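Novice: Here are the chains, one letter per residue:
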Amino acid sequence: MIKRSFFKSKYLPYLLIFPQLLVTLTFFYWPAVQGIFQSFLLSDPFGRKSKFVWFYNYIELFTDPLYLKSIFITFTFSIAVAFVSISLGLFIASMANRALKAKALVRTMLIWPYAVAPAISGIMWLFLLHPSYGIVALAIKEWLGVNWNPVLYGSDAMVMIVMASAWKQVSYNFVFFLAGMQAIPKSLIEASAIDGASPFKRFWFISFPLLSPTFFFLTVMNIIYSFFETFGIIHTVTQGGPGGSTNILVYKVYQDGFVGLNLGSSAAQSVVLMTLIIVITFLQFRFVEKKVQYSG
Amino acid sequence: MKRKFIIIPLFFIFLFSLFFVSCGQQDQKQVDTSKLEKQIEELSKRLDDLSKKVDALIEEKAIVKAEVPAITINWWHAMRSARGEVVKNMINEFNASQSEYKVVGTNKGNYDETMNAGVAAFRAKKQPHLLQVFEVGTQTMMLSGAIYPVFELMKDAKIDVDWSRYLQAVLSYYMNADGNLMSMPFNSSTPIMYYNADMLKKAGIAPLSKDTPVTWDELGEITKKIVKANIAQAGMVTAWQSWTQIENYSAIHNIAFASKANGYEGLDCELEINNPQVVKHITRLKSWADDKRFMYGGQKYQGPKSEFIAQNVAFYIDSISGIAKLKKAVKDFKWDAAPLPVEAGTKKLQNSIIGGASLWVLTGHSKKEYKGVAAFLKFLAGNEMQEYWHKETGYFPITIDAYDSLKAKGYYDANPLQTVGINQLNRAIPTKISRGLRLGYFVQIRNIINEELEQVWNGKKSPQAALDNATARSNAQLRTFEKTYK
Numbered sequence: 001m002i003k004r005s006f007f008k009s010k011y012l013p014y015l016l017i018f019p020q021l022l023v024t025l026t027f028f029y030w031p032a033v034q035g036i037f038q039s040f041l042l043s044d045p046f047g048r049k050s051k052f053v054w055f056y057n058y059i060e061l062f063t064d065p066l067y068l069k070s071i072f073i074t075f076t077f078s079i080a081v082a083f084v085s086i087s088l089g090l091f092i093a094s095m096a097n098r099a100l101k102a103k104a105l106v107r108t109m110l111i112w113p114y115a116v117a118p119a120i121s122g123i124m125w126l127f128l129l130h131p132s133y134g135i136v137a138l139a140i141k142e143w144l145g146v147n148w149n150p151v152l153y154g155s156d157a158m159v160m161i162v163m164a165s166a167w168k169q170v171s172y173n174f175v176f177f178l179a180g181m182q183a184i185p186k187s188l189i190e191a192s193a194i195d196g197a198s199p200f201k202r203f204w205f206i207s208f209p210l211l212s213p214t215f216f217f218l219t220v221m222n223i224i225y226s227f228f229e230t231f232g233i234i235h236t237v238t239q240g241g242p243g244g245s246t247n248i249l250v251y252k253v254y255q256d257g258f259v260g261l262n263l264g265s266s267a268a269q270s271v272v273l274m275t276l277i278i279v280i281t282f283l284q285f286r287f288v289e290k291k292v293q294y295s296g
Numbered sequence: 297m298k299r300k301f302i303i304i305p306l307f308f309i310f311l312f313s314l315f316f317v318s319c320g321q322q323d324q325k326q327v328d329t330s331k332l333e334k335q336i337e338e339l340s341k342r343l344d345d346l347s348k349k350v351d352a353l354i355e356e357k358a359i360v361k362a363e364v365p366a367i368t369i370n371w372w373h374a375m376r377s378a379r380g381e382v383v384k385n386m387i388n389e390f391n392a393s394q395s396e397y398k399v400v401g402t403n404k405g406n407y408d409e410t411m412n413a414g415v416a417a418f419r420a421k422k423q424p425h426l427l428q429v430f431e432v433g434t435q436t437m438m439l440s441g442a443i444y445p446v447f448e449l450m451k452d453a454k455i456d457v458d459w460s461r462y463l464q465a466v467l468s469y470y471m472n473a474d475g476n477l478m479s480m481p482f483n484s485s486t487p488i489m490y491y492n493a494d495m496l497k498k499a500g501i502a503p504l505s506k507d508t509p510v511t512w513d514e515l516g517e518i519t520k521k522i523v524k525a526n527i528a529q530a531g532m533v534t535a536w537q538s539w540t541q542i543e544n545y546s547a548i549h550n551i552a553f554a555s556k557a558n559g560y561e562g563l564d565c566e567l568e569i570n571n572p573q574v575v576k577h578i579t580r581l582k583s584w585a586d587d588k589r590f591m592y593g594g595q596k597y598q599g600p601k602s603e604f605i606a607q608n609v610a611f612y613i614d615s616i617s618g619i620a621k622l623k624k625a626v627k628d629f630k631w632d633a634a635p636l637p638v639e640a641g642t643k644k645l646q647n648s649i650i651g652g653a654s655l656w657v658l659t660g661h662s663k664k665e666y667k668g669v670a671a672f673l674k675f676l677a678g679n680e681m682q683e684y685w686h687k688e689t690g691y692f693p694i695t696i697d698a699y700d701s702l703k704a705k706g707y708y709d710a711n712p713l714q715t716v717g718i719n720q721l722n723r724a725i726p727t728k729i730s731r732g733l734r735l736g737y738f739v740q741i742r743n744i745i746n747e748e749l750e751q752v753w754n755g756k757k758s759p760q761a762a763l764d765n766a767t768a769r770s771n772a773q774l775r776t777f778e779k780t781y782k
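Chains as they are written, first to last, in the working numbering: chain A, 1 to 296; chain B, 297 to 782.
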């Protein structure tokens with residue numbers, strides 16, 4: 001039943017993909033190759049002195065305990081963001097799917113936060129959670145008696161950026177889960193209801209497996225999001241601090257390369273980051289996708 | 297393919313015919329030369345008459361000579377909002393003062409972005425004449441090979457500058473090891489200590505002197521009183537901890553921040569901030585943090601400033617550019633400023649060091665343009681501009697003449713807050729150690745120091761361990777930098 005189009009001309013398909021190919025080559029492959037080349041160099045920012053140093057930049061990176069710590073922080077951060085935003089997105093979607101009144105309004109309101117830029121989301125959460133002027137922070141200190149201080153304590157700062165990053169992504173996940181749920185045939189759920197399955201069982205044994213392609217897709221997307229796009233949040237909220245406890249890889253690339261002008265090291269870090277993302281995505285496709293059921 | 301073969305012979309035929317035609321014409325010319333010579337003589341006479349008439353007209357009616365377009369000089373800077381407006385006004389003043397040159401100022405974002413814009417432009421051979429670079433980029437600029445040192449520029453443009461009439465503590469930050477000025481200081485500031493005068497009054501403490509600094513021990517007693525009497529949540533807070541608590545602390549007490557005269561005399565320098573004095577100072581601050589005499593408010597100035605404005609702390613250390621900000625923001629209490637605290641029993645107090653940015657002249661332009669750059673730099677250093685700049689932004693006037701002129705006009709009597717920084721900066725002739733810092737990858741080093749200090753404040757590391765670690769990590773950065781330029 002799969003639709004297929006056939007091209008009579010041999011060259012037409014190539015011609016059609018040419019513009020996209022050009023864009024990919026110039027904006028992805030070309031910079032990537034440049035980056036790899038740069039990572040073997042020690043060069044001054046003005047480009048007047050350049051030295052080929054083989055793996056010096058990589059050796060420096062991996063003998064720096066803080067770089068390894070930064071990798072660890074990045075993984076902790078992205079797993080936390082993916083977990084929080086996916087589980088919340090799923091929960092809200094299953095609730096919204098059952099909403100009887102004002103369905104459209106509820107959905108629109110829930111999708112809204114996705115339109116907020118990461119940097120702005122970061123600033124808003126900072127206003128809520130800053131230890132000296134954040135309303136929520138003052139409430140936490142007053143009522144819960146917790147010594148909340150993300151300016152001083154790394155774990156508090158981590159919680160703050162995870163919240164700011166996940167909050168925005170919840171809406172994104174929500175949209176996909178909702179669409180996925182609406183694609184599940186009602187008859188299946190009704191049949192199991194007749195057989196006496198509880199709402200939880202219906203969700204766990206019917207909806208959830210059928211949502212697995214969405215789930216898989218969102219995991220990949222959320223991890224990529226937390227690796228790269230959270231830059232704006234880190235930049236506005238913690239700048240990698242305190243004590244480097246929220247210094248994720250992409251922020252370190254920016255700090256060393258753009259601010260510190262150590263182009264070689266920054267390029268090496270970009271290559272490591274790129275490799276990590278390729279490996280993660282590959283592993284997900286290789287091992288997780290097998291368990292995904294694509295058709296109902 | 298066949299057509300090409302036809303074109304080539306055709307082309308040759310064309311060339312030959314041209315040649316023959318021109319030969320023929322030469323013959324004709326020879327006949328006419330005598331006539332032509334006469335005509336030329338007549339014409340040149342007329343021209344002379346005309347030019348004389350024009351000259352007379354110009355003198356008489358002062359017609360503007362310049363139909364010649366003005367030479368454009370590009371200046372990329374990082375000054376935005378209020379400061380950006382001030383810069384714009386200064387440029388307009390210069391452009392109105394003469395017609396030979398036209399300075400075009402462009403804001404390229406913040407300091408990092410401006411430097412990056414300059415770097416990218418230089419690589420594309422489209423660099424501006426003047427680039428504003430923050431003080432931590434000094435070493436990178438100096439070694440870049442992309443700059444025209446300011447002292448040479450002034451010499452080549454035959455502009456006589458008496459460098460001894462500049463604030464030495466400002467100049468010394470941008471000099472090379474031989475004492476020659478490499479870039480023109482533009483916006484310079486230094487840290488001072490602000491305090492909540494109402495709180496001190498409540499605690500029964502007399503206002504602090506604007507000239508004589510308190511000692512750290514005295515500050516400890518004062519903050520102890522304030523915290524004990526519950527007048528404030530905490531005693532003091534500091535902005536830019538690396539700059540104020542380590543770089544300036546070291547300079548004031550003449551303690552080396554790095555070997556090789558703080559890096560002025562060689563790329564093979566090493567950080568020395570894990571020395572007993574600095575460790576002792578950080579240990580003291582940590583113990584103050586434990587009994588609330590000190591609180592940590594963040595790396596930059598926003599957090600610490602808001603703690604001071606919210607009256608959570610009595611003391612706040614930040615750059616002199618904070619004066620303008622506090623004047624605007626503080627409405628409900630009285631505040632004042634004092635020099636940075638010092639160690640009791642220091643024999644000779646040194647100057648504090650500056651922060652801010654300077655103007656670098658980039659290579660690759662014509663001599664004419666550089667003349668204009670030199671004229672513009674001279675104009676900026678004039679009294680009028682310096683006074684305007686200082687009054688509007690709070691940054692130091694960079695010449696002694698501008699300072700004297702402000703003094704004569706009674707400015708410092710009317711604005712006693714402004715004397716604190718300048719007196720602290722001028723209280724001694726800079727030594728090799730207090731003149732400034734010249735380190736590669738200084739941005740990264742400041743980050744490292746920030747990270748390590750934060751781990752002291754949150755109790756993860758002892759001051760000694762943190763400073764040892766900061767030194768070792770910074771040295772690794774310095775070695776990479778050295779390797780790049782060797």
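One or more hints might be untrue.
What the hints assert, rightly or not - Taking lysine to aspartate or glutamate and the DMTMM-like style, the derived pairs with C-alpha atoms no more than 25 Å apart in a straight line are:
| no. | chain 1 | residue 1 | chain 2 | residue 2 |
| --- | --- | --- | --- | --- |
| 1 | B | K596 | B | E381 |
| 2 | B | K520 | B | D408 |
| 3 | A | K51 | B | E639 |
| 4 | B | K621 | B | D456 |
| 5 | A | K51 | B | E561 |
| 6 | A | K69 | B | D764 |
| 7 | A | K49 | B | E448 |
| 8 | A | K51 | B | D564 |
| 9 | B | K588 | A | E142 |
| 10 | A | K49 | B | E639 |
| 11 | A | K49 | B | D507 |
| 12 | B | K728 | B | E448 |
| 13 | B | K422 | B | D408 |
| 14 | B | K705 | B | E448 |
| 15 | B | K582 | B | E665 |
| 16 | A | K49 | B | D587 |
| 17 | B | K596 | A | E229 |
| 18 | B | K521 | B | E381 |
| 19 | A | K51 | B | E778 |
| 20 | A | K141 | B | D586 |
| 21 | B | K582 | B | E561 |
| 22 | B | K756 | A | E229 |
| 23 | B | K524 | A | E229 |
| 24 | B | K757 | A | D64 |
| 25 | B | K497 | B | E389 |
| 26 | B | K779 | A | E289 |
| 27 | B | K498 | B | E517 |
| 28 | B | K782 | A | D64 |
| 29 | A | K141 | B | D587 |
| 30 | A | K49 | B | E566 |
| 31 | B | K404 | A | E142 |
| 32 | B | K498 | B | D586 |
| 33 | B | K687 | B | D507 |
| 34 | B | K630 | B | E448 |
| 35 | A | K49 | B | E778 |
| 36 | B | K705 | B | E639 |
| 37 | B | K779 | B | D764 |
| 38 | A | K49 | B | D564 |
| 39 | B | K582 | B | D564 |
| 40 | A | K49 | B | D474 |
Hints in this document: simulated from the structure, not taken from any laboratory.
Because the structure is a prediction, the values reported are computed rather than measured.
Novice: Go through the numbered hints given earlier and state which of them the structure violates, listing their numbers in rising order.
Specialist: Of the numbered hints, 2, 3, 4, 10, 11, 14, 15, 16, 18, 21, 22, 23, 25, 26, 31, 34, 36, 39 do not hold.
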